[in-house]
Amino acid sequence: MFLRSRSRLRAAVIAAAVGAGVLVAATPAAAAPLAGTRSYLVITAPGATSGATSAITSNSGTVWATYDAIGVIVAHSGAADFASRMRAVTGVQKVGATRTSDIPAEAASLPFPVEPTRVGPATSEPLRSDMTQIGADKAWAVNQGSATVTVGVLDTGVDDLHDDLKANFDAANSASCAYGKLDTRAGSWRDTDTHGTHVAGTIAAAKNGRGVVGVAPGVKIASVRIAEKPSGYFFPENTICAMVFSGDRGFEVTNNSYYTDPWLFNCPDNADQDAILEGVKRAVAYAEGKGVLNVAAAGNENYNLANKTRDSKSPNDSTVVTRNVTNACLSVPTEVSGVVSVSSIGSTNNKSLFSNYGTDKVHVAAPGERVYSTVPGGGYGSKDGTSMAAPHVAGVAALLKSVNPTATPAQLRQLLATQADDLSCTDTRCSGTTAKNNFFGEGRVDAFAAVDTGTPPGNSFENTADVAIPDAGTAVSSSITVSGVAGNAPATLKVDVNIVHTYRGDLVIDLIAPDGTAYRLQNSSNDSADNVVQTFTVNASSEVANGTWKLQVQDVARVDTGYINSWKLTF
0 MFLRSRSRLR AAVIAAAVGA GVLVAATPAA AAPLAGTRSY LVITAPGATS GATSAITSNS
60 GTVWATYDAI GVIVAHSGAA DFASRMRAVT GVQKVGATRT SDIPAEAASL PFPVEPTRVG
120 PATSEPLRSD MTQIGADKAW AVNQGSATVT VGVLDTGVDD LHDDLKANFD AANSASCAYG
180 KLDTRAGSWR DTDTHGTHVA GTIAAAKNGR GVVGVAPGVK IASVRIAEKP SGYFFPENTI
240 CAMVFSGDRG FEVTNNSYYT DPWLFNCPDN ADQDAILEGV KRAVAYAEGK GVLNVAAAGN
300 ENYNLANKTR DSKSPNDSTV VTRNVTNACL SVPTEVSGVV SVSSIGSTNN KSLFSNYGTD
360 KVHVAAPGER VYSTVPGGGY GSKDGTSMAA PHVAGVAALL KSVNPTATPA QLRQLLATQA
420 DDLSCTDTRC SGTTAKNNFF GEGRVDAFAA VDTGTPPGNS FENTADVAIP DAGTAVSSSI
480 TVSGVAGNAP ATLKVDVNIV HTYRGDLVID LIAPDGTAYR LQNSSNDSAD NVVQTFTVNA
540 SSEVANGTWK LQVQDVARVD TGYINSWKLT F
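Counted from 1, the sequence shown has number 35 at position 36 by numbering that gives the first Met the number 0; the numbering is strictly sequential.
Incorrect hints may have been included.
[Unchecked claim] Distance windows between CB atoms, simulated:
(1) T347 to N306: 17 to 27 Å
(2) A31 to R117: 44 to 54 Å
(3) S482 to F111: 30 to 40 Å
(4) R309 to V118: 40 to 50 Å
(5) P120 to A185: 18 to 28 Å
(6) S476 to R209: 42 to 52 Å
(7) S478 to D136: 28 to 38 Å
(8) S423 to A47: 50 to 60 Å
(9) L33 to T318: 15 to 25 Å
[Claimed, not checked] 30 Å max Cα-Cα, derived DSBU-like pairs, lysine-lysine:
(10) K435 to K493
(11) K137 to K549
(12) K228 to K165
(13) K549 to K567
Keep in mind that the hints were calculated from the coordinates and are not lab data. Where is the CB? At the ideal position from N, CA and C, for every residue including glycine.
Take the sequences, apply the hints, and build the full model.
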């Protein structure tokens, strides 16, 4: 079954095993909001919020958050005529209620997510069919992504303690924007559902031999929780907060597997929805201006976004009213300019039955059916939805950014499109060409193409010069300079060592990366055999491949002697 809308995009759990604004950490201390208190966006010219801030107070409102650089203020008021009074204030461009329900009591206390019951780590790491479908398994052999690239997961939160996520999680750049105010307290970003953790695993679960592997297992994940609890809704002020935070923290990519509640479509002829459109558009543009590529799920309504006529699902936070809509009405953030909108495909490259579509609305496609990924508490489960398709694209975008670190969001969008694999139409509603159509846009994203720079995997570099190892002396090293290898070293970097030395247990051997990080290959021991002739495998996926690598060897005991005969790196 599918939940009522993409506002969760948790849709269809198949199986579960086991510098803008006043962005300051929230301090929970306020009294619970009174019944009838609503949230509003007050829009001014960028950099000109001060006058409106004063007017909010004098018109029976309070300022909840301010984003001066984009001219957006979040205000609370219990006055029924607050919006109409504020629209008459000089310098105020638009005002709109962000919801049709009262502000929840939780906004005053900002409660922490509940810690889930934990299970032990997985013992195997089977290859997932969705990963082979987009060539991610081939990509991993070339480049698993750079640790300098961060993908922001704007969602229900992320379980940063999950065995498959903790190595790649960036707590310093994670926060909560639920209830429309930034909360940077440690743990505020954790999952209040299962959805965000599932998304995060598809993007960047570690390649550690356990559980699952993400599309880009070498990149970082940050969590920005925007779903409220207990409603589970993603209101506009939460999206705006998260987009501004993403830009200020310098994320390279964000994943947005939701639509901004309570309206499936926001129409510019409605004053409230017009303010929502303006506020979210400005926040998205702000993030992109800071270098962020925003990726979003197209939605699960099986709706032609290029031919809108009816909305029978809004507002979803109170009483739904069926209404007529036009193409001027937009689902946000997926239809906001600059956002990469993603449709879902099945294992045979057909459009998923639930997936939205539309000419020039959907940009690319990715697997979104029976996707197996991480869930809170250390477990794993399968889900369906364009929510599950979007993180595949966010992962591919992270790989692209890893290989092309100076690429702009516009250039990343173009690369996603030109590298995508063309998909043919699969039913009579599909229109366009194989190269570009309303079901799949430019086609299915290709992870291998994202990292395939023409440098084949298996490049080897060797140093055959002898280096004497002093008996019970200081460490010595032999250097190899690597060049022409794109991106980071692999998680399976091969280090072939040939050391001539009696009583090899005397030796401590390290691989030293170009940035000085040491990877221990061998500790000293009681091994009395001669010589070290062995191939070691090192997970060096966080290291840039090009640069000077060193084999460092130290004899820590007396009597026996020898030398480094040769050593080799194979990428």
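Quick rundown of the hints versus the structure:
Checked against the hint of 17 to 27 Å, the C-beta distance between T347 and N306 comes to roughly 26 Å, which is consistent with it. At roughly 32 Å, the beta-carbon separation of A31 and R117 lies outside the given 44 to 54 Å, and the hint is violated. The given range of 30 to 40 Å is broken by S482 and F111, whose C-beta atoms sit roughly 49 Å from each other. Distance hint for R309 and V118: a CB-CB separation of about 44 Å, consistent with the stated range 40 to 50 Å.
At about 23 Å, the beta-carbon gap between P120 and A185 stays in the expected band of 18 to 28 Å. Hint check: S476 to R209, Cβ distance near 33 Å, so the stated range 42 to 52 Å is violated. The hint said 28 to 38 Å for the Cβ distance between S478 and D136, and at roughly 33 Å that hint holds. For the pair S423 and A47, the beta carbons lie near 51 Å from each other, so the given range of 50 to 60 Å is met.
The hinted window of 15 to 25 Å between L33 and T318 holds, with their beta carbons roughly 21 Å apart. The suggested pairing of K435 with K493 is violated, with an alpha-carbon distance near 41 Å, which exceeds 30 Å. This hinted pair checks out: K137 and K549 have alpha carbons roughly 28 Å apart, not beyond 30 Å. For a cut-off of 30 Å, the pair hint linking K228 to K165 stands: about 24 Å separates their Cα positions.
Taking the CA atoms of K549 and K567, the gap is near 10 Å; set against the 30 Å cutoff, the hint holds.
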